[in-house]
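Asks: Listed below, chain by chain, are the residues.
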Amino acid sequence: MIFDVNFDSKNPQSREVSRRTGFAYGGCTSRLTRCAEKGCLNNCDRNFTQATFCQMMVSTLISFSVKDSVVIMHGPVGCGSQSHIIDFSIKAYGASRGVKMEGARWFSTNLNEADVISGGETKLKETILDADRRFRPTAIFVLLSCTPAIIGDDIDDVIKQLQSDVTATLVPLHCPGFKAKVFSSAYDVVYHGILQKFNFEPIPYVDYYPFNKDDKDYEQKVQQYEYKKSRTVNLYNAWSIGPADEAEIRRLLEAIGLNVQIFVEFKEPDQWRMITQAALNVSFCHVHDLYFLEFLKQKFNMPYILPNIPIGIGSTGKFIMEIAEFFGLEKEAEKLIAREKEKLEKALVPIKEKVKGKKVLISGGYLRIGTTGLLAKEIGMEVVGFRNFNYDSFGNKLFDEIEETIGDVSNSISTQPSELLNVLRKLKPDMAVSHPGIGVWVTKAGIPSITLFAQRFPIFGYKGAYDLSRRLARTLSNSNYARNLGENVHLPFKEDWYEKDPYYYIVDKNTDIE
Amino acid sequence: MAYIERPRFSCMLGGVLATLSALPRTIPIIHGAQGCGGNLSAAYSLGGYLGAGYCGNSGVPSSNIGESDIIFGGGEKLIREINSTFEVMDGDLYVVTTTCMTDIIGDDIKGILNEVGQKDKPILFIDTGGFKGNSYYGYTKLIQELFAQYIPQKNTKQNNLVNIFGLVPGYDPYFRGDLEELKRILELVGVEANTFFTHDQTQQNILRAGEASLNIVLSRVYGPEAAIAVKDTHGIDYLITDLPIGNLATVGFVWQVAEKLGLDREKVSKALYQETDSYFKYIDRATDLIADTDFQNYAVVIANATEALPYAKYLDNEIGWITGYIFITDELTEEQKNAIRQVFDDIEFSIRPELVFETDTYRIQQYIEQNNPQFKSDAYYETFSPAFVLGSTIDRKLAEVLNGGLLSISFPVINRIILAKGYAGFKGGLNLLEDLITGQISGR
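Chains A and B, in that order, give the protein sequences. Quick note on numbering: the first sequence equals residues 5 to 518 in the numbering used here. Quick note on numbering: the second sequence equals residues -3 to 440 in the numbering used here.
The shape of chain B in the complex, shown without the other chains:
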């Protein structure tokens, strides 16, 4: 893996801390230097100002090892830290995470946990040296470890209970709104979902995850590995699919789930009809504005491997925009890229966009400037205008070069705060249209 200009993710520990901050009443215990917890919390917070959460940022217990611990080992410090944490911090689940330093010096965490002994609440360990992977990898590993160490295996499954995975807190900035909406939609067809991260969830939902009959993974690359492992250990079937945005994608998504679970088709049809009907009643009344002005834009989508294609699909299939470029900003293996390419090939685009894997912000702009005809000097040429960038706030410069709008959909999101808003599902599709049009009329 090469160096990266302005990477749009952090390290494995960063992803794990973001994820733990969103789990109900969970206390991380970092074994490492004092800065890891503070800085990585500051990083995940840039997913729309996610904030520290219940026990994030400077609240996270951290063994804060120093130079002498690097030489003599940090085990004793960690034991003290764990014991003190149980005295001070009030949680339902405690998770020890390691860092680059403690992985390099090789502290034996499992041995330390044995020495610490039984506590009144469960305590897990996940090996999270930052150099082992990025934040998305950390998320995947954590889900896998929760199943391996914490979630009981259940032989009898609940027919209509599913778990939803694939969205990484902070690094998928709209994860809360998206999960809430998908949970709502699944409830309409009689399916209960454990999301782990929405506010209705408790440790009971996590513990009950072993009773689910389906793991739904909303990402082609972040989560499938865990779902496959869980199929072996817990016997839970999986559905690897994409984040559904807007009417078409969401209807398709619900049918995928319905088929997997063998739901009553009539009931599903009825529920979906009502949702679609309501959706288009909103679109109906937006059309007065849309039809009177040319709001059909050329778009550039810049996002992670989970979200880039779903946004591009929405723009083309749902609202009839022309997506010129899709940039995926994660560092991916060739195998992961192929998984993405396959989904890309299956999407029916009116005009097929260019799919580019590019981690560097500067190179994204450079790519468009070097390849788009509007930057070449002929009298008449196809302009990329009006343009709209669906990317990160750090793509503002590109939006300026294209003289277009910018909607921050991907990490880091700095120019807006994200609370309950989501872009997934029916409501999310409406939210997205609302924001795309508002972006073009806000000067009125």
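Next up, chain A with everything else stripped away, as it sits in the complex:
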């Protein structure tokens, strides 16, 4: 697997460089994984492109989810202007985690034409000082957008100058949209800012009272603490992961005798200092956190493992088992998994009857769509295709498994509705599971779609597997909304586009991959 990191650099490289992550591909699973293995997926591009997310937009997600943070969009007023929607989510889903969140507090430096000529650093300074004074936030994330990046604003220098004048920790995020086609590069950018600016070790007398060496129980207390630490696992959440998901995986891991800590969202930066007080780091979804886990390994010698995201019966079992193996708790895990599976399988019987043989197309981030596909297969659906937003060799462990269990089905790297609508005509799925922003196009084509993730719904673990299966069956039980829409709405594509290959505009320079 290709993974070039340099934690000392000013900002991380985009994933198309650091991991050769691809953003354009059309074909089937086997060639996708082979191409990823060879590191040549990023040789593919398009001659027709449609708008999508950028790494700045994605960078707002963790930034807003840090408890009591403020986010500054350093750029013209449009950059980040979609952020109002985050307000309700972080408040509601903070509350359901037992965390009172302040809501989305953010500024735009509102750069205009004059600033483009004279530079935006002064405005940024004023904004930082006022943000700190008004809200006394824990952290201020400064997001560098395209315009100030091109005109050469030095946000690192501004932050260096101002840090001693403010109470919040100032975090520079180098996330101009044009620098990364692979928008999940944002996660590396945000973690890079976090790992540069915060501590991950507890401070004596602030976070804990050191044991007194003269205490007669000193040795015992140290041993107790070390034992607890050796039985503690850190999990890392993300925007797409809901409170019920965290609770379910916590339940399963606690059932085999582990302590669970969850980072970094919905925590204050001060709480991150407990990160090192664990024996193992595990991502829920390593598309998000691998960069940070690698840092923690290099800096603090903390091991990590990369199981696939725990969606579906098999993937959940493997997730738990991989963690259990690290701690030598395989027997406990085997028992737990067997018990949970038995209960779930019984509950799934009536659902399986309803969804049997129904065709589904799945779009979104590769780990989540892959495991969601495996769940669909487990309950007897036919997965006719996958559409990855981005893809790299870190997905191969999962998609090799998929090739084996589901078959070498249609697979692409695409965020483009043009390709989606074309592929829908060819694959004719009964329904789709789609990343937010994509489902609307599926539904307009007359095909029902449910969202790939939403914090409202449990998706992880056994409880999540049941709930997602139930929602798949429910969606299939009445598709009138999509049917009516499909019959009456006009799509913006020419009729002869549908006769072309969906990947007609993809330029694939890799002729040697067979």
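Derived from the structure by calculation, the hints contain no laboratory data. Not one of these hints is a red herring.
DSSO-like mimics (lysine-lysine), calculated; alpha carbons at most 30 Å apart, straight line:
{"id": "1", "chain 1": "B", "residue 1": "K393", "chain 2": "A", "residue 2": "K129"}
{"id": "2", "chain 1": "A", "residue 1": "K350", "chain 2": "A", "residue 2": "K335"}
{"id": "3", "chain 1": "B", "residue 1": "K128", "chain 2": "A", "residue 2": "K129"}
{"id": "4", "chain 1": "A", "residue 1": "K95", "chain 2": "B", "residue 2": "K393"}
{"id": "5", "chain 1": "A", "residue 1": "K335", "chain 2": "A", "residue 2": "K233"}
{"id": "6", "chain 1": "A", "residue 1": "K360", "chain 2": "A", "residue 2": "K401"}
{"id": "7", "chain 1": "B", "residue 1": "K117", "chain 2": "A", "residue 2": "K504"}
{"id": "8", "chain 1": "A", "residue 1": "K217", "chain 2": "A", "residue 2": "K303"}
{"id": "9", "chain 1": "A", "residue 1": "K303", "chain 2": "A", "residue 2": "K14"}
{"id": "10", "chain 1": "B", "residue 1": "K115", "chain 2": "A", "residue 2": "K504"}
{"id": "11", "chain 1": "A", "residue 1": "K430", "chain 2": "B", "residue 2": "K117"}
{"id": "12", "chain 1": "A", "residue 1": "K498", "chain 2": "B", "residue 2": "K115"}
{"id": "13", "chain 1": "B", "residue 1": "K227", "chain 2": "B", "residue 2": "K263"}
{"id": "14", "chain 1": "A", "residue 1": "K339", "chain 2": "A", "residue 2": "K350"}
{"id": "15", "chain 1": "A", "residue 1": "K363", "chain 2": "A", "residue 2": "K432"}
{"id": "16", "chain 1": "A", "residue 1": "K129", "chain 2": "B", "residue 2": "K333"}
{"id": "17", "chain 1": "B", "residue 1": "K106", "chain 2": "A", "residue 2": "K498"}
{"id": "18", "chain 1": "B", "residue 1": "K372", "chain 2": "A", "residue 2": "K104"}
{"id": "19", "chain 1": "B", "residue 1": "K393", "chain 2": "A", "residue 2": "K104"}
{"id": "20", "chain 1": "B", "residue 1": "K117", "chain 2": "B", "residue 2": "K128"}
{"id": "21", "chain 1": "A", "residue 1": "K301", "chain 2": "A", "residue 2": "K42"}
{"id": "22", "chain 1": "A", "residue 1": "K271", "chain 2": "B", "residue 2": "K393"}
{"id": "23", "chain 1": "B", "residue 1": "K117", "chain 2": "A", "residue 2": "K498"}
{"id": "24", "chain 1": "B", "residue 1": "K150", "chain 2": "B", "residue 2": "K106"}
The hints should help you fit chain B onto chain A, whose structure is shown.
Replies: Below, chain B without anything else, positioned relative to chain A:
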């Protein structure tokens, strides 16, 4: 222009994309980075979940330039994108828009369009670097460009044909319902209206805009510039007025139009009488509830420069509420502020509210907390209660502090989805009363 906490608008491109998404069968082509189209569509959608539309959001063709294009120029990419767009996307009008990056690197779009040559459908260009202005400015410029590049000049005008401007899709969240209602009312007095954005409109309505004898601009600041320019180029007279909400304002509005167009007074009187009569038959039967409970509220209106005063006027003149504060959340020039102040001075308020220009959400709440007597500690004081905030969903915290209700009338509207509902005109006035009272009894 200073930094802003939680701005209630996006950039020039954001306004143009919102507007293009509401034009019939129109395909934007963005020349810029991949995120502009996606994020700005997500932003305008917060006007009551407006949605992508025919060709918005991830459907918008976008040249998606990267780092090397910034260095070497993005012209070739744009040419390829335009040609592919004409192969794939089915529209009646194509509009190339630029972004901050392509404006900074200085790609020559006009030259590129010459190189691309004639296509089977019209293709326009509008320079929309985000740093050039906000979404309202983008709307105004787009209307101006449509007249300059697309709408033919006509010497003979149709007497009873008008164009309505001033409402920005998404950023005036009820624009569809409002325009439909105003169109309906104008039809009652024999006037046909091109709205550009209601669902009955086609490119023909846009092309026929040059035949209109009047441009009606429902905003003191967003659109007048375009209307004045169009008077010079297309010889169309204009009426700069306010969005009419409720019976009084709408009757006044129709008379303004009637006077400009020289309509038959008797016909207008008759049509208006019927509308007013029907309006009050609804109000009549609402009064059982209203009279039995004290529904007269103190109000705070928080909205953009187009809509704030019309809502405040309705609350005072039409339903007899006490508006304490009007906050206008746009960034405005002194000249624009004066235009607003003049309208404000002309409104006959029972109790004159405070008019405050404030872009920052936090400062709106702070302003009330620092100035209202109820937050000062005397035994007896004039309370601002019962209170109702007509603002954006992000003003919820203020509503909580005032222990009052909240109706989302201004961008961003997140706690309700807006389809055909409008607050303008007769029907809109009834809708507004319905929502203001429902807001106070929904717990029953």
